Amino acid sequence: MSGGLDEGRQSPARWILAIYTGVFLIYTLVPIAVMIAFSFNQAPNGRVSLRWLGFSLDGYRNAFAIGDLTTALIHSLVVALVAMVVSVVLATPLAIALARYRYRAKTVTDVVIFADIAAPAVVVGASLLSLFLTLNLPRGLFTIFIAHIAFDVAFAVVVIRARVATLDRSLDRAAADLGATPWVAFWTVTFPLILPGIVGAGMLAFALSIDDLIITSFVAGQTLTFPLWVYGAVKTGIPPQVFVLSTLIFVGGAALAVANSIVAHRSGRS
Amino acid sequence: MSDPVSVRRLGRGAAPYLLSLPSWAYLAAFFIIPLVSMLSMSLAKGNPLVGYAFAWNFAEFGKAVTQYNTQLIRSFWYGALSTFITLVITYPVAYWIAFYGGKHKGTFLFLILLPFFVSFVIRTLAWQFILSDQGLLLGTLKALHLLPKTTYVLSTPAAVVGGLVYNSVAYYILPLYVALEKVDRRVVRAAGDLYASPSATFWKVILPLSAPGIFAGFLLVFVTNVGDFVNAAVLGGPGTRMIGNIIQYNFFDAQNYPMAAALSSILMFLLILAIYLYARVFGAEQIQEYAA
Numbered sequence: 001m002s003g004g005l006d007e008g009r010q011s012p013a014r015w016i017l018a019i020y021t022g023v024f025l026i027y028t029l030v031p032i033a034v035m036i037a038f039s040f041n042q043a044p045n046g047r048v049s050l051r052w053l054g055f056s057l058d059g060y061r062n063a064f065a066i067g068d069l070t071t072a073l074i075h076s077l078v079v080a081l082v083a084m085v086v087s088v089v090l091a092t093p094l095a096i097a098l099a100r101y102r103y104r105a106k107t108v109t110d111v112v113i114f115a116d117i118a119a120p121a122v123v124v125g126a127s128l129l130s131l132f133l134t135l136n137l138p139r140g141l142f143t144i145f146i147a148h149i150a151f152d153v154a155f156a157v158v159v160i161r162a163r164v165a166t167l168d169r170s171l172d173r174a175a176a177d178l179g180a181t182p183w184v185a186f187w188t189v190t191f192p193l194i195l196p197g198i199v200g201a202g203m204l205a206f207a208l209s210i211d212d213l214i215i216t217s218f219v220a221g222q223t224l225t226f227p228l229w230v231y232g233a234v235k236t237g238i239p240p241q242v243f244v245l246s247t248l249i250f251v252g253g254a255a256l257a258v259a260n261s262i263v264a265h266r267s268g269r270s
Numbered sequence: 001m002s003d004p005v006s007v008r009r010l011g012r013g014a015a016p017y018l019l020s021l022p023s024w025a026y027l028a029a030f031f032i033i034p035l036v037s038m039l040s041m042s043l044a045k046g047n048p049l050v051g052y053a054f055a056w057n058f059a060e061f062g063k064a065v066t067q068y069n070t071q072l073i074r075s076f077w078y079g080a081l082s083t084f085i086t087l088v089i090t091y092p093v094a095y096w097i098a099f100y101g102g103k104h105k106g107t108f109l110f111l112i113l114l115p116f117f118v119s120f121v122i123r124t125l126a127w128q129f130i131l132s133d134q135g136l137l138l139g140t141l142k143a144l145h146l147l148p149k150t151t152y153v154l155s156t157p158a159a160v161v162g163g164l165v166y167n168s169v170a171y172y173i174l175p176l177y178v179a180l181e182k183v184d185r186r187v188v189r190a191a192g193d194l195y196a197s198p199s200a201t202f203w204k205v206i207l208p209l210s211a212p213g214i215f216a217g218f219l220l221v222f223v224t225n226v227g228d229f230v231n232a233a234v235l236g237g238p239g240t241r242m243i244g245n246i247i248q249y250n251f252f253d254a255q256n257y258p259m260a261a262a263l264s265s266i267l268m269f270l271l272i273l274a275i276y277l278y279a280r281v282f283g284a285e286q287i288q289e290y291a292a
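Quick mapping for you: the protein sequence lines, in order, are chains A and B.
In this text, residue positions in the first sequence follow this note's numbering: the first is 1, and each later residue adds one.
In this text, residue positions in the second sequence follow this note's numbering: the first is 1, and each later residue adds one.
The set of hints was computed from the structure by calculation and includes no laboratory data.
Each hint should be verified, as a subset may be incorrect.
Chain A is nowhere near these chain B residues, computed Cβ spacing over 12 Å in every case [said to hold, decoys possible]:
| # | residue |
| --- | --- |
| 1 | Gly62 |
| 2 | Leu144 |
| 3 | Tyr276 |
What the simulated footprint calls covered on chain A by chain B, stretch by stretch (three residues with Cβ under 8 Å from a Cβ of chain B suffice, anywhere in the stretch; the number is not a length) [to be verified]:
| # | region |
| --- | --- |
| 4 | 104-115 |
| 5 | 121-128 |
| 6 | 150-157 |
| 7 | 245-255 |
Note that the structure is predicted; figures quoted are calculated from it, not measured.
We put the CB at the ideal spot given by N, CA and C, even for glycine.
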């Protein structure tokens, strides 16, 4: 028993909760199921139809047929990759400082990191746009990079910091006692131990970036990312390729996550 | 900058500052300065043709409140309502996973996060499909004569609030789950040993102990939902426009930058107030624990 309310274990409340959780999971997955199903729907006029017109693989055969949609997807992938790498590199030293040192600027740093995470996307987007307008900086891929790194950094700090905080300090002290310079001790002892945290932070940053619509909409100018393209197409009608590409991303991402957790499970960390 | 050798030479006092420097420099340039820039933009004067110049012009705030009070109030109302509904529907799920998830806790959390592999816009779009007048849900019910032909859901407040709830559930389950995981099971058992009924144990022990998660989730979800414009644009209509839609309109269509900046600043003040209240009650470090 994990020690819930009902030591008597047969309580109906427990079963009601279990059934409720099942219903809840179905509810969260319904739109995903609809998307996958409709990616196989026939689309005679190039728009996804609300009604089921018959099974078809045309959308998959022509998955990359819409040039600017494919370009938008590539933009999204490039932005997410760059933002992931830069934000993790920026965040790691700060995460170590926050987890290992007590210093004066710690509280204010905590508040700024939290504010960056909790800030409404509209405010982050509008403030960056105000800055770019004031500086007369043309909007495009470069300003999208700047914006994405700005919100990814804070999330990366929190994730990496949590990992650093679990580390046994005696390990790097032992390395120092054995004559390792701090530089060597960092790369041979600390870094491999916090790597899972860094990878986790990178994956979160990638996911946040590739999905972002609101902040990007303020700083993108004429450049389109995948979510922006889809948002723009809402009024005119959605081509089947949107659901097809999204289904492919979903299946690929879910498969990667499952594989990752199996590997992590086998190697004994989780 | 993270070179621990140079860190050592400068002494331990400087180390955390050197390690913080790259992130701080970045966040100062692209998070804090933009906020200042937005505030100064909100005080500017001018028009789209000649441009805007800073002028201590507070009038835009007054205009923002009088001109858009409907959308402001509506945003806070939709934000509060959707956050409350999200709390009520997700708490039992977080509770069940934390207390009865057993070996499969990780799997259940993974299932909760699964929809995140689909873009937020597309998830919202899928709801538009499901809820449209002749779509999967209403179309079927109408064909079965279970609903009158004129029933509609899209462009109503219910559709927008429903979309906000759907897009927030995972953001609320995670902090609730973290808080419920932390509840000391011995305390729960002790309540039972002292003859507290299951419902008394829940209301007087478990619920109060999970309060940090409830408030952290409320803060994150409420602030996000008040500023959202995508649900209102995809699922709503002219009668459900939120403040985010108005900010977009003023930046990109009307090119009234001071007005857009003033409205965003109002949202920012709300955020600062919310963080201040939370930090006063629970402390600044704890806030992060629940944030990611």
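Here's how the hints hold up against the structure:
no. : hint    : verdict
1   : Gly62   : 19 Å, holds
2   : Leu144  : 15 Å, holds
3   : Tyr276  : 9 Å, violated
4   : 104-115 : holds (count 10)
5   : 121-128 : holds (count 7)
6   : 150-157 : holds (count 5)
7   : 245-255 : holds (count 5)
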